[in-house]
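Chains A and B supply the protein sequences, listed in that same order. The first sequence begins at 501 in my numbering and counts up one residue at a time. The second sequence begins at 501 in my numbering and counts up one residue at a time.
All the given hints hold, so there is nothing to weed out.
Identical copies carry no separate label here, and so any pair may be met within one copy or between two of them.
Here are the simulated DSS-like pairs of lysine-lysine, each with C-alpha atoms no more than 25 Å apart in a straight line:
no., residue 1, residue 2
1, 545, 509
2, 509, 542
3, 545, 569
4, 523, 578
5, 523, 579
6, 542, 569
Treat the hints as calculated values from the structure; they're not laboratory data. It should be emphasised that the depicted structure is a prediction, and the values quoted were computed from it without experimental measurement.
2 protein chains.
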Amino acid sequence: MYIAMNRFKIALGRENEFEKIWKERETYLDDVPGFLNFHLIKGEKRELHTVYVSHSTWRSQCDFSNWTKSKEFRSAHKKAGGNKTVYLGHPIFEGFEVVL
Amino acid sequence: MYIAMNRFKIALGRENEFEKIWKERETYLDDVPGFLNFHLIKGEKRELHTVYVSHSTWRSQCDFSNWTKSKEFRSAHKKAGGNKTVYLGHPIFEGFEVVL
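If we strip away everything but chain A, and leave its shape as in the complex, we get (with noise of 0.2 Å):
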């Protein structure tokens, strides 16, 4: 398995909007081979921030790697950059590889 999460700095106060833009967006994942299931996720208040990240899993790299060079990704992120202010700065990417 793999767990693909993207990191966001959601500024002080957006998060409520930051959290409508994920309820309300088609991610066209269900029929995508290989996706297991997606979490948005909340962590810490910071000075200027709250840190969320987009949580998925995967039945391997592979299977993520694909989807992200297909028309799937390519819908769910059409509209991605937009609300601008809510976000400090550009999302930071991991992926990691279920080891146990």
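Model the placement of chain B on the given structure of chain A, informed by the hints.
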């Protein structure tokens, strides 16, 4: 749900040794109220270390917090701190509420 992650920096070349510690570790987690699952996940190789994260999922933050005060927690951690040269620095904890 709540996800607890502890991030480790493992010295290059010591990855197998670190994974063996976790494979052989008795976590005493299965009977802990609210515990859902555990994974050890492996991230990027950097210049001096490889990133690993211990990743556990709980019914609630409260269940996780209760576990950290339990005798099961003390039992699972009584050997922690050995093999010091495997680790670069202390692990960094982050906890996340599952929003979606």
